[in-house]
Amino acid sequence: MTAPVRVRRQPGDAPRAGGVPGGGALLAALATVRDPELDEPITTLGFVSSATVSPDGKAQVHLRLPTYFCAPNFAFLMVADAYDAVAALPGVRRAEVVLDEHFASAAINGGVAAHAGFARSFDGEAVGELHDLRADFLRKAVMAGTDQVCRPLLASGTAAAALPELTLGDVPPSPALTRLRERRAELGLPAGASAPLLIDPATGAPVAPDAAGLHLGRARLTRTSLEANGSICRGMLRHRYDSSGEGQHHQGEEAP
Amino acid sequence: MYEKDGEKYFVVDSHMHYWDASPENWVPGAEQYAKGWIECFHAYQSLGPPATHWSLEHFQKYSEDDLMKDVFEDGHVDVAIFQPTDLKEWYTEGFNTTARNAEMGKKHPGKFIYNTNFDPRDGDLGLEELKRNVGEYGCKGVKLYTAEWNNGSRGYKLSDPGAYRFLEAAQELGIKNIHVHKGPTIWPLDKDAFDVSDVDHAATDFPDLNFIVEHVGLPRIEDFCFMATQEPNVYAGLSVVIGGLMFARPKFFAKVMGELLFWVGEDKMTFGSDYGIWEPKWQIEGFVDWDYPSDEFSDFPRVNTATKKKILGLNAAKLYGIEVPAECQLPAEAGTPGAPDDAQLVAGA
Numbered sequence: 028m029t030a031p032v033r034v035r036r037q038p039g040d041a042p043r044a045g046g047v048p049g050g051g052a053l054l055a056a057l058a059t060v061r062d063p064e065l066d067e068p069i070t071t072l073g074f075v076s077s078a079t080v081s082p083d084g085k086a087q088v089h090l091r092l093p094t095y096f097c098a099p100n101f102a103f104l105m106v107a108d109a110y111d112a113v114a115a116l117p118g119v120r121r122a123e124v125v126l127d128e129h130f131a132s133a134a135i136n137g138g139v140a141a142h143a144g145f146a147r148s149f150d151g152e153a154v155g156e157l158h159d160l161r162a163d164f165l166r167k168a169v170m171a172g173t174d175q176v177c178r179p180l181l182a183s184g185t186a187a188a189a190l191p192e193l194t195l196g197d198v199p200p201s202p203a204l205t206r207l208r209e210r211r212a213e214l215g216l217p218a219g220a221s222a223p224l225l226i227d228p229a230t231g232a233p234v235a236p237d238a239a240g241l242h243l244g245r246a247r248l249t250r251t252s253l254e255a256n257g258s259i260c261r262g263m264l265r266h267r268y269d270s271s272g273e274g275q276h277h278q279g280e281e282a283p
Numbered sequence: 038m039y040e041k042d043g044e045k046y047f048v049v050d051s052h053m054h055y056w057d058a059s060p061e062n063w064v065p066g067a068e069q070y071a072k073g074w075i076e077c078f079h080a081y082q083s084l085g086p087p088a089t090h091w092s093l094e095h096f097q098k099y100s101e102d103d104l105m106k107d108v109f110e111d112g113h114v115d116v117a118i119f120q121p122t123d124l125k126e127w128y129t130e131g132f133n134t135t136a137r138n139a140e141m142g143k144k145h146p147g148k149f150i151y152n153t154n155f156d157p158r159d160g161d162l163g164l165e166e167l168k169r170n171v172g173e174y175g176c177k178g179v180k181l182y183t184a185e186w187n188n189g190s191r192g193y194k195l196s197d198p199g200a201y202r203f204l205e206a207a208q209e210l211g212i213k214n215i216h217v218h219k220g221p222t223i224w225p226l227d228k229d230a231f232d233v234s235d236v237d238h239a240a241t242d243f244p245d246l247n248f249i250v251e252h253v254g255l256p257r258i259e260d261f262c263f264m265a266t267q268e269p270n271v272y273a274g275l276s277v278v279i280g281g282l283m284f285a286r287p288k289f290f291a292k293v294m295g296e297l298l299f300w301v302g303e304d305k306m307t308f309g310s311d312y313g314i315w316e317p318k319w320q321i322e323g324f325v326d327w328d329y330p331s332d333e334f335s336d337f338p339r340v341n342t343a344t345k346k347k348i349l350g351l352n353a354a355k356l357y358g359i360e361v362p363a364e365c366q367l368p369a370e371a372g373t374p375g376a377p378d379d380a381q382l383v384a385g386a
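Chains as they are written, first to last, in my numbering: chain L, 28 to 283; chain W, 38 to 386.
Keep in mind that the hints were calculated from the coordinates and are not lab data. Glycine is no exception: its CB is placed at the ideal position from the N, C-alpha and C atoms. Treat the hints with caution; some may be incorrect.
Covered stretches of chain L (chain W as the covering partner; in silico rule of three or more C-beta atoms under 8 Å from a C-beta of chain W) [to be verified]: (1) 90-103; (2) 220-232; (3) 252-259.
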């Protein structure tokens with residue numbers, strides 16, 4: 028047996044000999060997993076402490092969170108999503124995702140490994156699954172994304188009341204726009220080029236011109252809330268672990 | 038009192054603690070929770086200036102002398118309000134109980150206000166205890182954790198009939214201020230613990246009570262702001278906002294303050310240091326010196342000396358009926374509230 032391959036030392040997405048994915052592919056798969064509350068990949072947040080794949084196709088991922096008491100519902104979603112993303116990689120024969128140093132580690136790790144779902148993993152402590160919670164925070168991501176896309180338009184002189192006239196296709200392409208469309212599509216909301224730029228994230232209904240100012244105010248507020256929360260999580264993580272996570276980047280962070 | 042550039046600031050620390058989380062107080066069998074809890078708090082402290090960080094050992098249990106020095110002698114605070122957190126399932130004598138707070142506070146007359154707590158699911162026994170606490174300690178406020186588990190119940194809503202019974206009783210007993218913890222939480226696992234709509238209902242139905250939402254509903258500032266903007270008796274408790282962001286993330290701090298000033302307004306925001314998580318000294322001195330860092334924030338309400346005096350003490354003094362020395366009061370015309378009409382919602386709107 029050879030030692031597992033460390034992700035960082037094995038970049039490149041191409042499958043290696045025998046069809047086993049490279050470390051780069053593993054990390055790319057994990058980068059599709061987001062913290063549902065913060066709407067950021069678990070990789071860039073620094074939550075992936077290690078990700079390895081053995082020559083015979085066993086993938087093992089260790090995750091870490093900013094505190095021992097981070098909300099277990101969000102933690103469960105991240106572990107389960109990471110498991111699904113890694114297990115779906117061609118060439119992975121077995122996947123193991125382990126959340127370390129969390130008060131609910133045992134229940135979460137065991138539940139995800141057994142495909143038990145959230146309610147069964149926390150027998151007696153939870154009755155519902157987490158779809159509504161996820162959708163609720165996805166709607167927040169849509170609002171925050173609306174601010175990201177609209178702010179440059181407002182800065183270049185477009186009036187708020189004129190934005191309801193625009194469609195997604197009218198807006199110049201940008202990573203923020205792509206992301207907004209992806210989030211809307213995930214919720215089943217209109218996301219095509221002809222769909223209105225401003226919609227109510229709960230109903231999908233277009234926003235009326237006289238409601239545009241308030242809608243944009245809410246969008247800005249939601250983005251501020253998400254970003255401030257994310258910044259606290261990053262600060263706590265740094266206090267808890269003095270090492271960088273796999274694929275972590277510190278972009279957008281301010282120096283104190 | 039804090040004095041800077043000839044201005045005198047009366048300071049009410051409306052959210053602080055005197056806890057014992059030392060290993061001697063850990064419940065056997067629950068040590069990992071007791072340890073995890075205090076380490077989590079300690080991580081929050083790391084968001085303050087390095088010179089104010091404590092060792093974990095000191096953080097677990099600070100003394101009465103430490104508190105008096107940090108909060109009053111060095112910390113500029115005039116009156117401090119204890120907010121209890123029992124957590125008796127993890128800490129044998131409780132983490133930070135009404136009784137422990139009062140026992141210490143009574144040695145320093147005039148310095149402290151003792152808030153208590155209740156849980157509507159405790160029924161008649163809970164009501165009796167609330168009466169006892171108010172009678173014994175003269176409580177004018179309570180701190181509530183709606184997400185807490187109790188005998189198989191996974192949290193409650195302030196709008197539940199059982200909660201209304203307690204709110205009515207509290208009001209009759211002379212309680213004025215309901216501090217609600219809507220913020221970082223653990224339980225209930227599957228419910229939406231951050232939802233603030235129950236505060237909205239209770240605030241409408243109890244117009245003579247004030248509802249101070251601590252930690253401004255983090256991670257859901259937006260839901261909180263939207264509710265607070267419609268309810269005249271809902272306030273923003275700034276604990277965690279100043280301590281957790283002002284030093285570590287100045288740009289996000291400016292954005293959050295801007296949003297709060299815009300939606301909630303300077304008349305409804307109260308300072309709380311969250312001591313022993315953070316010492317009040319640097320928070321108060323930093324906030325008095327604070328302004329928006331750049332033109333990027335020009336569409337938010339402005340901040341002036343009157344704004345800061347209100348937030349640091351005058352607003353809370355009003356809520357708790359604390360007498361403010363004449364030299365610290367605002368002249369009648371000073372300071373215009375940060376009402377939504379005063380600011381443009383979005384540049385170019």
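Cβ contact check, 8 Å cutoff: the region 220-232 of chain L against chain W, three residues minimum: violated (count 0)
Check, residue by residue, whether the region 252-259 of chain L contains three or more positions whose beta-carbon lies closer than 8 Å to a beta-carbon of chain W, and give the verdict. This one holds; 7 residues, not fewer than the three required, reach chain W with a Cβ under 8 Å.
Against chain W, does the region 90-103 of chain L show at least 3 residues with beta-carbon separation below 8 Å? Coverage by chain W holds for the region 90-103 of chain L (7 residues, Cβ < 8 Å).
Going down the numbered hints, you'll see the structure goes against just number 2.
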